[in-house]
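Peer 1: The primary structure of each chain is shown beneath.
2 protein chains.
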Amino acid sequence: MAKIVQCVPNYSEGRDLEKVEKIVASYKNREGVKLLSCEPDADYNRTVVTVIGDPVAVAEAVVESAGVAAEVIDMTTHSGEHSRMGAIDVVPFIPIKDMTMDECVDIAKKVGEELFQKHGIPVFLYEEAATRPERTNLAKVRKGQFEGMPEKLKDPQWHPDFGRDEIHPRAGVTAVGARMPLVAYNIDLDTSNLEIGKKIAAAIRHSGGGFRYIKAGAVETKGIIQVTMNITNYKKTSIYRVFETVKMEAKRYGVHVTGSEIVGLAPMEAFVESAEYYLGLYGFSKDKVLETHLMD
Amino acid sequence: MAKIVQCVPNYSEGRDLEKVEKIVASYKNREGVKLLSCEPDADYNRTVVTVIGDPVAVAEAVVESAGVAAEVIDMTTHSGEHSRMGAIDVVPFIPIKDMTMDECVDIAKKVGEELFQKHGIPVFLYEEAATRPERTNLAKVRKGQFEGMPEKLKDPQWHPDFGRDEIHPRAGVTAVGARMPLVAYNIDLDTSNLEIGKKIAAAIRHSGGGFRYIKAGAVETKGIIQVTMNITNYKKTSIYRVFETVKMEAKRYGVHVTGSEIVGLAPMEAFVESAEYYLGLYGFSKDKVLETHLMD
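Residue numbers (the working numbering), protein chains in the order written: chain A, 1 to 296; chain B, 1 to 296.
Bear in mind the hints are in silico, worked out from the structure with no lab data behind them.
Only a predicted model underlies this, so the values are computations on that prediction, with no experimental measurement involved.
Check before you lean on any hint, since a few could be wrong.
Heads up, the list lumps identical chains together, so a pair's fine if it works in one copy or across two of them.
[Stated by the list, open to error] No more than 20 Å apart at the CA atoms, straight line, and that leaves these computed lysine to aspartate or glutamate pairs for EDC-like:
(1) K199 to D43
(2) K34 to D287
(3) K286 to E261
(4) K140 to E128
(5) K288 to E261
(6) K288 to E39
(7) K109 to D165
(8) K288 to E269
(9) K143 to E166
All chains should be built: construct the whole structure from the sequences, respecting the hints.
Peer 2: Right, here's the structure in full:
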């Protein structure tokens, strides 16, 4: 394999597992595509699928699967706790190996175009693929949700990137974009005081004046407080830097960091960079990691 | 690819690059075999080759290449600074992915047998493949070097594992074995006092009462002192543990660790484990590293 892309399509069905099975079938037994996970959530009524593989093969599978989702999901009767605007709600493409972000943007545009051409689903391009600044942020794109989309699409400012000014009657609207891999990361504090967790989360997150690529909050879990975050660009906001900053902030409140946790998958580079920092490694590159050479 | 083995054959030719080219040709354009590096050294008059790939394909390539080495290298006229006993001097097999050490031992035995059957080269099995305790250590196996081998092989204690009690007239004797990946690791100290480096090296190495899987020394380089080591089993003697111990010992002499360096390749796990330690990661496994899934 040479170029590898990751795609994490989210489908608005997390309860009827037969329907979910039909939707993910497009990713199975397909040359060049590997289905890494399929996580239906009943409360959200949503399924998050993670696939990796050859960019062309993955793009084809996504388009096919969107057609199935548009058939089996009826958004007019959909309910669930997670915001959503379409049967195939959001489709991010993520560069993993030997790929640039620009190449992922190209794939997003091609898939967006095909979703409309083949299935009649209007598409907004978002994040790195966005065509206007206000479409970068997925939350803004999705604002109004499925129910508000018919009116939103009439607004010239929200004319879809592909499609006309009306939704797909059952499948709604889809956001297709390109972004860096997300690292979901939690840091444990030896306190049961949620306020301390909230203050630390505010100190490290972008919106609170913290790191550019951190979205963070605090939760109580198993009797302790966890600072829970998404690192939206681990190359620019490193795991070790966030970890050490949380340790530093915790000291202020007389509490300690007891450990941390990666949720789901993270790229090798995110871990290796932390080793590099703590061991003061110089002259280091990915090429020194044996496994890098197994993937060529 | 499924199972991946690494092999690091050493050939007793490091000056005549045409001969080296003929020897490594066996590893090129061969399905399932990837030549990672070929490092001829003129002083040693020796070439270290690193290949990875499918176990069966790598084994075949090694046997073929040994035949070439036996043709182009004449040990009766060989000189060089490195100890050696054969044209293809030593052949270690190293488990990299989805392989046990036992499987590597089996490959070593098969290759050893074929080196004698096909090329008439007598073979000692060493390290994990050794058939007697005194053959575990390569230095003991090679003691006497090429020149001493005719006599050594007459000693019933040193009857080869494959072959008769006489050397191959031009290619000598070969050691074939199985071992863990070696991590070559250096730690820099902000001192020019070699004695301090030597004391620290003695404190951390197995022979000095230190860690079981560390072989270490001290050298002066670029005006500073470096503790230089081989970690012979990074799973049991971790990089971070050695690094922190050297930091601790350095303190005793009023010197500081300024950085460290991996020489050559090291397995991903060696780095990831250090990240795991410093970040206090729990619930962690290789499966959380995205790239693990690219190699299946």
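Peer 1: Does each hint hold? Answer for all of them.
Peer 2: Hint by hint, here is what the structure shows:
no. : hint         : verdict
1   : K199 to D43  : neither (29 Å within a copy, 62 Å between copies)
2   : K34 to D287  : between (24 Å within a copy, 15 Å between copies)
3   : K286 to E261 : between (23 Å within a copy, 13 Å between copies)
4   : K140 to E128 : within (14 Å within a copy, 61 Å between copies)
5   : K288 to E261 : between (25 Å within a copy, 10 Å between copies)
6   : K288 to E39  : between (34 Å within a copy, 16 Å between copies)
7   : K109 to D165 : within (18 Å within a copy, 71 Å between copies)
8   : K288 to E269 : both (12 Å within a copy, 12 Å between copies)
9   : K143 to E166 : within (16 Å within a copy, 83 Å between copies)
Comparing the model with each earlier hint shows a violation of hint 1 alone; every other hint is respected.
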